[in-house]
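There are 2 protein chains.
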Amino acid sequence: MNLSTPTDYAEEIISGNRAALSRAITFAESKKPEHQEFAQKLIHDLLPHTGKSKRIAITGVPGAGKSTFIEAFGLFLIHNSYKVAVLAVDPSSKISRGSILGDKTRMEELSKEELAFIRPSATGGSLGGITARTFEALLLCEAAGFDVILVETVGVGQSETLVKDITDFFLYLQVAGTGDDLQGIKRGIMEMADLIFLNKVDLFDAQMIQDSKMDLHRALQFLPKTDSGWKRKILKGSGYSNLGIDEVWQEITNYFELIENNGFLSELRQKQKLSRINDYLEEMLLQKIRTSISIQEERLKWEKQLHNNEITPYELAEKMLEKYFHST
Amino acid sequence: MNLSTPTDYAEEIISGNRAALSRAITFAESKKPEHQEFAQKLIHDLLPHTGKSKRIAITGVPGAGKSTFIEAFGLFLIHNSYKVAVLAVDPSSKISRGSILGDKTRMEELSKEELAFIRPSATGGSLGGITARTFEALLLCEAAGFDVILVETVGVGQSETLVKDITDFFLYLQVAGTGDDLQGIKRGIMEMADLIFLNKVDLFDAQMIQDSKMDLHRALQFLPKTDSGWKRKILKGSGYSNLGIDEVWQEITNYFELIENNGFLSELRQKQKLSRINDYLEEMLLQKIRTSISIQEERLKWEKQLHNNEITPYELAEKMLEKYFHST
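Chains F and P, in that order, are what the protein sequence lines are. Those letters in the first sequence? Residues 1 to 328, by this note's numbering. Those letters in the second sequence? Residues 1 to 328, by this note's numbering.
Treat the hints as calculated values from the structure; they're not laboratory data. Heads up, a few of these hints could be off.
Any copy, or any two copies together, can satisfy a pair, since identical chains are not distinguished.
Unchecked claim - Here are the simulated DSSO-like pairs of lysine-lysine, each with C-alpha atoms no more than 30 Å apart in a straight line:
1. Lys41 / Lys319
2. Lys52 / Lys233
3. Lys271 / Lys213
4. Lys233 / Lys323
5. Lys231 / Lys323
6. Lys31 / Lys225
7. Lys301 / Lys271
8. Lys319 / Lys52
9. Lys304 / Lys41
10. Lys164 / Lys32
11. Lys164 / Lys213
12. Lys271 / Lys304
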């Protein structure tokens with residue numbers, strides 16, 4: 001493969017070249033300015049080919065069975081002739097880089113399929129940066145013709161908000177009987193969820209599952225309506241035993257039918273793009289400040305003042321902005 | 001209370017006026033520019049009175065018993081004549097605002113104590129914003145003379161990274177027997193932790209606790225050394241039954257002795273301030289862009305191009321920066 005321009009890459013990606021897609025995502029994730037520039041030109045060229053996939057967030061606490069579910073769900077989709085990309089987002093690995101995603105045995109069957117593409121998303125840097133990078137990977141996968149893009153979050157907490165921001169549908173995996181332990185995070189997550197899948201039903205007795213499902217139904221009643229007009233659903237099944245997977249897809253299909261018809265999808269996609277602007281602004285600003293000679297000249301003096309409690313971090317930020325930027 | 005200037009507030013806060021402290025934190029959390037300006041002036045005035053507390057992060061998954069532990073630990077400190085402030089951070093409540101912190105029964109005993117001050121931290125806005133706001137609340141509490149500031153995270157995930165950024169000591173609460181379920185997040189958290197407290201030992205049998213402790217010890221061996229030169233510790237006990245609380249304080253005291261002597265504390269405090277600068281830069285930049293007339297004039301045109309897939313979010317961000325800012 002001897003590709004030298006963004007246009008070359010664009011053609012290869014559209015024609016389904018996986019190696020070109022992989023390398024393009026690597027460029028988008030790179031911190032080198034020349035890679036970034038290349039990736040951004042490429043994404044620009046590919047824009048007309050984006051927007052056609054279903055973008056689905058899949059989350060759940062560790063132990064909810066995400067990998068197994070995604071493997072089963074991905075295989076189901078592939079057997080129905082859909083092309084599936086899986087992007088895994090792990091903001092917590094900022095410190096212990098790649099500890100989770102290094103696990104090569106995850107989704108073993110799915111990763112062998114020709115119609116599947118599995119890619120951990122780069123971490124590092126700011127949170128906005130993670131979302132922006134995942135969004136770029138998502139656009140590249142769309143241009144490559146994937147019909148369904150599953151964005152998996154690893155861990156719980158802030159990462160849900162991040163993927164919620166760039167996806168159309170939010171699927172939350174829950175396990176029966178863990179409701180009590182998770183009371184702290186349940187409400188926030190449930191508000192984001194379009195579908196809650198009670199996973200691992202084969203491991204619990206029927207009564208416990210029924211109880212959990214009723215608890216969830218009760219909890220749903222107290223939530224505000226979704227912006228999309230969709231009524232949140234609860235399904236049960238098992239990724240491991242392949243139970244209920246088809247129903248999940250049926251609901252997702254129903255959801256997209258609804259939001260395509262009521263105009264919400266178009267609105268949402270524009271919102272997804274708009275929210276990325278702030279991510280980029282932040283990155284660009286920090287980059288400009290790092291490379292500004294006049295700021296770097298003053299920096300040591302300012303940092304000393306900061307150390308001596310003569311100025312606050314807020315005041316230092318103000319000085320930097322004043323020094324560097326002039327409004328028009 | 002009739003306080004009109006930042007200087008008035010500063011005096012009241014230093015003299016221990018709780019109402020003034022509360023209101024100052026509210027100003028710092030406010031999105032109104034005039035409140036922000038007031039708060040920043042106040043913080044500037046108070047700077048010489050900051051830096052003297054022990055800043056302690058307390059985290060753990062929901063169900064680990066954080067509230068009960070903090071109540072017990074806070075009361076222990078107060079009985080030893082320390083003044084204790086508790087700041088609770090909950091980034092996930094961006095959507096369901098205050099659902100968790102609205103729970104008034106939390107830390108009931110502690111909240112009655114004269115030497116204690118309990119305050120949920122405002123959410124809303126960017127993640128950087130949350131950290132900046134919590135840091136400001138922390139500085140204000142320090143100026144008010146609190147000896148120990150406990151920064152509690154609600155939920156798990158990204159919030160740990162946030163509080164790690166503004167605290168000196170990281171205490172992680174773990175419950176015996178949940179190790180397996182939490183494998184996904186354990187390593188990242190354990191790397192951040194200075195002390196792991198195996199909580200709720202009164203609920204489990206001795207063997208299970210021993211097993212959990214050994215698992216933790218084994219896991220610790222594989223972690224890189226801490227930057228502070230501190231050796232990570234594991235303790236066990238119970239917030240509910242007041243077991244092991246004094247040992248936690250003993251280890252914290254040992255830790256601070258170490259980092260005061262080896263210079264790490266001074267280094268760390270400067271780092272805490274430096275990392276806030278980016279938070280403020282981001283906020284200020286977004287604020288400037290929102291209020292830039294020339295940008296707002298072009299904005300609709302740009303958003304249409306974005307919608308029509310003619311430009312990428314990255315390119316739009318570039319246009320905004322070019323329009324508004326001129327490097328010097």
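Hint check results:
no., hint, verdict
1, Lys41 / Lys319, "between (33 Å within a copy, 15 Å between copies)"
2, Lys52 / Lys233, "within (24 Å within a copy, 51 Å between copies)"
3, Lys271 / Lys213, "neither (32 Å within a copy, 47 Å between copies)"
4, Lys233 / Lys323, "neither (53 Å within a copy, 46 Å between copies)"
5, Lys231 / Lys323, "neither (51 Å within a copy, 43 Å between copies)"
6, Lys31 / Lys225, "between (40 Å within a copy, 27 Å between copies)"
7, Lys301 / Lys271, "between (42 Å within a copy, 15 Å between copies)"
8, Lys319 / Lys52, "between (45 Å within a copy, 26 Å between copies)"
9, Lys304 / Lys41, "between (41 Å within a copy, 19 Å between copies)"
10, Lys164 / Lys32, "both (28 Å within a copy, 28 Å between copies)"
11, Lys164 / Lys213, "within (23 Å within a copy, 36 Å between copies)"
12, Lys271 / Lys304, "between (42 Å within a copy, 12 Å between copies)"
Of the hints listed earlier, those the structure fails to meet are numbers 3, 4, 5, in rising order.
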